[in-house]
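*Asks:* Throw the hints in and build the complete structure from the sequences for me.
Last residue of the sequence shown: 367 (this note's numbering), numbering continuous.
Simulated from the structure, these hints should not be mistaken for lab results.
All figures in this text were calculated on a predicted structure; none of them were measured in a lab.
Just to be clear, a hint being listed does not mean it is correct.
What the hints assert, rightly or not - No more than 25 Å apart at the CA atoms, straight line, and that leaves these computed lysine-lysine pairs for DSS-like:
# : residue 1 : residue 2
1 : K298      : K274
2 : K352      : K274
3 : K274      : K311
4 : K351      : K274
To be verified - What follows is a set of in silico ranges between Cβ atoms, one per label pair, in the way DEER data are often shown:
#  : residue 1 : residue 2 : range
5  : E300      : A331      : 13 to 21 Å
6  : D252      : E308      : 18 to 26 Å
7  : Y322      : L268      : 35 to 43 Å
8  : R328      : E359      : 29 to 37 Å
9  : S318      : P297      : 13 to 21 Å
10 : D335      : E359      : 15 to 23 Å
11 : A331      : A355      : 28 to 36 Å
12 : P287      : A355      : 30 to 38 Å
13 : L268      : D299      : 28 to 36 Å
14 : D288      : G267      : 15 to 23 Å
15 : E266      : K311      : 19 to 27 Å
16 : R263      : S310      : 31 to 39 Å
Built from N, CA and C at the ideal position, the CB exists for glycine as well.
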Amino acid sequence: MVTIDDVRRHALSLPRTTEGLVRDSVKFRIRSIVYAAVSPDETIMGFGYPKDERDDLVASEPSKFLPPLRSDERYHWVRVRLAAIDEDEMRELLTDAWRMCVPKKVAAAYDEFGTELPPG
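*Replies:* Spelled out as structure tokens, the structure:
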């Protein structure tokens, strides 16, 4: 089972990520863009996901994936039950959501070196 500590450890290893607490939910963001959030009870993780693909994802494994809350439907967002995924899947979901928010150059450097490109 994935815990918030597992999510935090991976999210904070991704370049440019910051953590914040908003309405008792832990949020991970790049500047002002939230790419992942953990519910106050730490059982559900919301994450960035292409809108046009989310219905298929939820339909493929409805015991694992949940649609976004009604208030989040306008965003590129979907939710997952943390108890239903392992650490590898959590890392993949978080990293893909993070990639949607960072410049392509940063994502490419992370893919190649596991870090952000140095300045200059």
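*Asks:* Name the hints, by number, that the structure is in violation of.
*Replies:* 7
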